[in-house]
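Student: The residues making up each chain are set out below.
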Amino acid sequence: MTESAISTENLVKTYGRNRGLTGLDLRVEPGEVFGFLGPNGSGKSTTIRILLDLIRPTSGRVRVLGADPRTDGVRLRRRIGYLAGDFVVDGRQTGRDLLTYLGNLRGGVPRNRIDELAQRLGLDLDRRIKGLSKGNRQKIGVVQAFMHSPELLVLDEPTSGLDPFLQQEFVAMVREAKAAGQTVFMSSHVMSEVQQTADRVGIIREGRLITVERVEELRERAVRQVEIVFEEPVGTEEFASLPNISDVTVAGHTLRCRLDGRADALVKAASRHTVLSLRAEEPDLEELFFGYYSETGQEAHHAVA
Amino acid sequence: MLLRNPFTKALFDTRRSLFGWTVAIVAVGAMYASFWPTMQTPEMTEALAAYPEGLLEAFNYSDLTSAAGYLGGAVYGLLVPLLVTVFAIAAGTRAIAGDEEAGTLDLLLAHPVGRARLALHRYAALLLGLVLISGLLALVMIALSGPAEFDGVGAGELAAISLQLALFGATFGALAFAIGGATGSRAAALGGAAAVAVLAYLANSVLPQVDGLAWAQNLSPFHWYLTGDPLVNGLQTTGPLLLLATTTLLVAAGTHLFTRRDLAV
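In order, the protein sequence lines correspond to chains A and B.
Just so we're aligned, residue 66 is where the first sequence starts under our numbering, counting upward by one.
Just so we're aligned, residue 7 is where the second sequence starts under our numbering, counting upward by one.
Treat the hints as calculated values from the structure; they're not laboratory data.
Where hints are given, some of them may not hold.
Quick list of the computed label-pair ranges, beta carbon to beta carbon [to be verified]: (1) A:A132 - B:L219: 53 to 61 Å; (2) A:G125 - B:H262: 41 to 49 Å; (3) A:D228 - B:G120: 35 to 43 Å.
A short list of chain B residues far from chain A (calculated; beta carbon distances all over 10 Å) [what the hints assert, rightly or not]: (4) N11; (5) E59; (6) G109; (7) L113; (8) L114; (9) L115; (10) A116; (11) V119; (12) P153; (13) V204; (14) V212; (15) L219; (16) L269; (17) V271.
We treat Cβ as the ideally placed atom computed from N, Cα and C, and that holds for glycine.
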């Protein structure tokens, strides 16, 4: 078995009396895109800062790409690309100066690689950074994280400040990175930011990972409204008893129902008739995710009480 | 290329401010030095004799009858070291704590750069700035020594005190650097180093006039910098060595503490 790209065991970080992480067990496998979800203050950035050795854990074990960030940080960070949500740099330099410098810290990144990425994102490298909009600044951050094609991308709320077009471009870049075998660890407090790219999603709450789900399975479990139009009228009873189906209403040729989970039984039942059209709305994973989230939250509260 | 490593990048980033400081400090030094011929008039001597001796000593103007005494007071004793101290403390603060509070250190340290390397590169850039300032000052003073009649003060003495000036600045720069490295707080680095600089100045210039407090002078970097009268006797040993040792200790301690702690958010 190959070693995980990121693994932590019972990772604890306390800040004075505040608890940042309370025993985080996390595994991110090589080559996957892992979405790290949780509300603000749940410990996402704390985790990421430990991975990069910007802060040190109070206790617990952490390994990144087979190395210890604490003792082997310099060599390790050569293989990582990092983007913070609030990308802050000295504004008195141009984007090109900054990227050239950061590239040199990594042993040199070809100029045409930087140009290519900047062009792709529509970024003007020759302007001073302080004259750039927040979105354009964030683009510089995206370029510096991707430019050396690192084995592991650590992205902390990466698309904040990017407009929808750039968010799409960013999604494409993450997919390309995955296709190239790179591992992506991406934190966010919104599902929509990660659901397009993530293979798995981990939910962190109060410094602890409470669940890890495959996005596909999450989708499978999601509740969606389905509408099927048949050539001929159909009966309610034929569909009402199907597994995963509820709230069945039939109005003439049109069937509407709630699908909760796999669609197999519904599709097979429908296939006995002539289907004119079929529409299933895209599930709101966010809702599902936070539904689960608040449930477990309540359980936790009950346990305490 | 100046974007190669943290040392050259620090120089690149401060190029404008370093240029400004160098021009300002050299100009102030040259201006005061060129007043020397006018100080030798009888009217001036009388006017200065009217000041209480303690006051003059407080400003390091203890001997205004020789070129060495005047230069040691007006140029190298007050304004120039004061400006050099401000420059060094500002640069020492910026090296770690300033960038850390601005939030720009995260990105750099997420790169393959060790903390010690980053800190030492930045301190080295500060040192080079001090060498540049005091070196240019020495050259300008040597050039002025003929026209401004520094009789008895040669190039060797001017070079010696300029070197000691650079070491003196390095000490306060190292103090701000060390506090910043240990705490990450810009205010602590700036305030702490400035407070020590003021105390050190008082310990050298005012406390010796108070009975029972004269010993404090021996602890002052101002004293280490000026003692032995390098403008008369050339390069000293004890003072510069104390400055060097203190600087080394502070830089080592600050760097060490910086590598051990959490980076501030």
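Student: Now tell me if each hint is right for this structure.
Tutor: Evaluation of the provided hints:
{"no.": "1", "hint": "A:A132 - B:L219: 53 to 61 Å", "verdict": "holds (56 Å)"}
{"no.": "2", "hint": "A:G125 - B:H262: 41 to 49 Å", "verdict": "violated (25 Å)"}
{"no.": "3", "hint": "A:D228 - B:G120: 35 to 43 Å", "verdict": "holds (37 Å)"}
{"no.": "4", "hint": "N11", "verdict": "violated (7 Å)"}
{"no.": "5", "hint": "E59", "verdict": "holds (49 Å)"}
{"no.": "6", "hint": "G109", "verdict": "violated (4 Å)"}
{"no.": "7", "hint": "L113", "verdict": "violated (6 Å)"}
{"no.": "8", "hint": "L114", "verdict": "violated (7 Å)"}
{"no.": "9", "hint": "L115", "verdict": "violated (6 Å)"}
{"no.": "10", "hint": "A116", "verdict": "violated (4 Å)"}
{"no.": "11", "hint": "V119", "verdict": "violated (6 Å)"}
{"no.": "12", "hint": "P153", "verdict": "holds (39 Å)"}
{"no.": "13", "hint": "V204", "verdict": "holds (30 Å)"}
{"no.": "14", "hint": "V212", "verdict": "holds (40 Å)"}
{"no.": "15", "hint": "L219", "verdict": "holds (40 Å)"}
{"no.": "16", "hint": "L269", "verdict": "violated (4 Å)"}
{"no.": "17", "hint": "V271", "verdict": "violated (8 Å)"}
The structure shown violates the earlier hints numbered 2, 4, 6, 7, 8, 9, 10, 11, 16 and 17.
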